[in-house]
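Let the hints inform the model, and build the full structure from the sequences given.
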Amino acid sequence: MSDISVIIPINEINETIKGYLVKCVESINKQSVKPDKVYVVHADTKEVNEFFKTWETPEELNIEVVVNKDKTDFCSQVNCGVEKVETEWFSVLEVDDEYAKSWFKNTKTYMEAYDDVDIFLPLVVDVDEGHNFLGFTNESIWAMKFSEKMGELDNNTLLNYQNYQTSGAIIKKESYVSVGMLKSSMRLTFVYEFLLRATYNDFRIMTIPKIGYKHMNMRENSLFWDYKNDPKEKISPEEAAFWVEQAKKEYFFTYDRAIEYEN
Amino acid sequence: MSNNDQIVKLTHALEKLKSKDAAIYFLTMDTKGHAKASVTLTYNIVKELRENNYNAIIMHEKSDYHDITTWLGDEYKDIPHVSIEAKQVEVIISDLVVIPEVFGHVLEQTKEMPCEKIILSQAYDYALETLPPGLSWRNYGVGVCLTTTQTQVEYLKTIMGNLTYYEITPDIGDVFKKHDKPQPPLISIHTRDARDTMKIIKSFYLKFPQFKWITFRDLRNLTLNKFAEDLSESFLSVWVDDISGFGTFPLESMKCGVPVIGKVPNLKPEWMTEENGIWSYEFNQLVDILGNFVQKWLEDELPEELYTDMEKTVKKYTKENFHNSVMSTFKAINERKIMEVRMNLEKLTPVGPQDNIEEGSVSELFNKN
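Keeping their order, the protein sequence lines are chains L and R. According to my numbering, the first sequence holds residues 1 to 263 in order. According to my numbering, the second sequence holds residues 1001 to 1369 in order.
Please note: incorrect hints may appear among the correct ones.
Heads up, simulated DSS-like pairs for lysine-lysine below, C-alpha to C-alpha not over 27 Å straight-line [to be verified]:
| # | chain 1 | residue 1 | chain 2 | residue 2 |
| --- | --- | --- | --- | --- |
| 1 | L | K172 | L | K105 |
| 2 | R | K1207 | L | K145 |
| 3 | L | K173 | R | K1181 |
| 4 | L | K105 | R | K1212 |
| 5 | L | K84 | L | K30 |
| 6 | L | K249 | L | K172 |
| 7 | R | K1181 | L | K101 |
| 8 | L | K149 | R | K1212 |
| 9 | R | K1296 | R | K1202 |
| 10 | R | K1177 | L | K149 |
| 11 | L | K105 | L | K30 |
| 12 | R | K1020 | R | K1047 |
Since the hints were made in silico from the structure, they are not lab data.
If you want it as structure tokens, here you go:
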């Protein structure tokens, strides 16, 4: 066991998602060092509730299904899961993503070597829906003279570079809660704002230079796909710039404050 | 020189050899404050000899020789040095001058020195560099060559067979050790030609742009401690040295637990196996091998056997084996020299040299005769 819990937020269910769910749970099951518990936190909609009433979970894993009452957004699902977590660490696994098979084992090695780190980011492999390699995320902080300390993310670096991924990361629950968790009122840049807030609060954030997480980029109907393509959810370049700037303003505040973009 | 004068000299030489007081001068190049494996080995031999009561001394050409403790460490600070330029060298018949093969030109200048000269060949490729065509070390009165591997012995025998060869097994020092934390994505690179370093780095980034965030470290011009520290901090090292005689760098790397991708040198090192590293005969293939290795390291897919074979390989190069090889070599040379001096004394004295010569004075010997 690893003193880590995994949170899988689920917003909707269809045949494609069902397929992804099997694979993502399989990627947990394949770990040589298994998590203590897996929380599947789903949106409170009729279809999703129906599916999880009869969902068969693998015997090898300790899985608990949690309904995120009355809410459907990603941030509140994650926070709802975190409140349930009883281990020191947790990790968020998006339903269309997978862990690399030695991720938890590697994390354990790094936890022993660096006992004051609050967040271990994985080296993320971004793929398209055909699982073709698109690029890495979180790798840049290992580049020479990129961040203040090689391998670690800091506030100044974040103010210049926004593209970091916390899905798959191993996060210390106590630290996460102490800075106010994810903010539901932030659209588009909620991860960025959280990282700014975490580094502002002196979190030590390190990328483990090992492939830890496979992330499907811009899957159809995913949150970020909707931001780009869904007429109802679409975010214009102006709005995107607004949310980036908003993240830079909001990270000084621990708790979520209502924010609206007005055109 | 009269017969008696010769007897005095030889008797004195015999005393010195028996008491290990005879000087053993190691002609050494000035590295100008930079670490160099061949010079490290020379200092290690001198240190080992001195710790075992031999009178080993570093001899250098110029008076402004750079202090080696800056890169080699304080433990070498008590080793005596003499400068040829400052005329601090006075040799007598019992002394020994050890000349690196790269200093071949010195052989002509030292031809008339009244002492034995031997060659220390760490880089077989330079053996013929300064010798005129058709001449061997033997033509300069050299009968002994020390080298670092059996493969070099075999090779040198094919071109200069009429010498006695001794093999000194270098030890890979304890300064080379495993990093105490998981290794970051750093690659150490060590090539004889600096152009090769740049060729590898540049083509790697062009062929594998997804790995542009991985940093290369050229381990040139560092102190020994910094060199060892940087090396152990890497997850991989790259080695290109076609004319390497021993292959110190890959062994140092293995001792640090850092796998090596390397080009097989012209003379394949005897420790090199298919299992203890990733070796190629083709320089141009190295970058592809490198890309493949990096991917496997990131995916944690490297075979555990690679690391265990590295450990096995480097186990041979211990302080104890080094000590044994240095002691047996210099004991054999010293005993042979004692024998030669005795034989010469026998020729000059009707009843031969006295066995208790080390306890008595030379004049007592004359009185006895």
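Comparing the hints with the structure gives:
{"no.": "1", "hint": "K172/L - K105/L", "in the structure": "17 Å, holds"}
{"no.": "2", "hint": "K1207/R - K145/L", "in the structure": "22 Å, holds"}
{"no.": "3", "hint": "K173/L - K1181/R", "in the structure": "24 Å, holds"}
{"no.": "4", "hint": "K105/L - K1212/R", "in the structure": "26 Å, holds"}
{"no.": "5", "hint": "K84/L - K30/L", "in the structure": "24 Å, holds"}
{"no.": "6", "hint": "K249/L - K172/L", "in the structure": "24 Å, holds"}
{"no.": "7", "hint": "K1181/R - K101/L", "in the structure": "21 Å, holds"}
{"no.": "8", "hint": "K149/L - K1212/R", "in the structure": "18 Å, holds"}
{"no.": "9", "hint": "K1296/R - K1202/R", "in the structure": "21 Å, holds"}
{"no.": "10", "hint": "K1177/R - K149/L", "in the structure": "24 Å, holds"}
{"no.": "11", "hint": "K105/L - K30/L", "in the structure": "11 Å, holds"}
{"no.": "12", "hint": "K1020/R - K1047/R", "in the structure": "15 Å, holds"}
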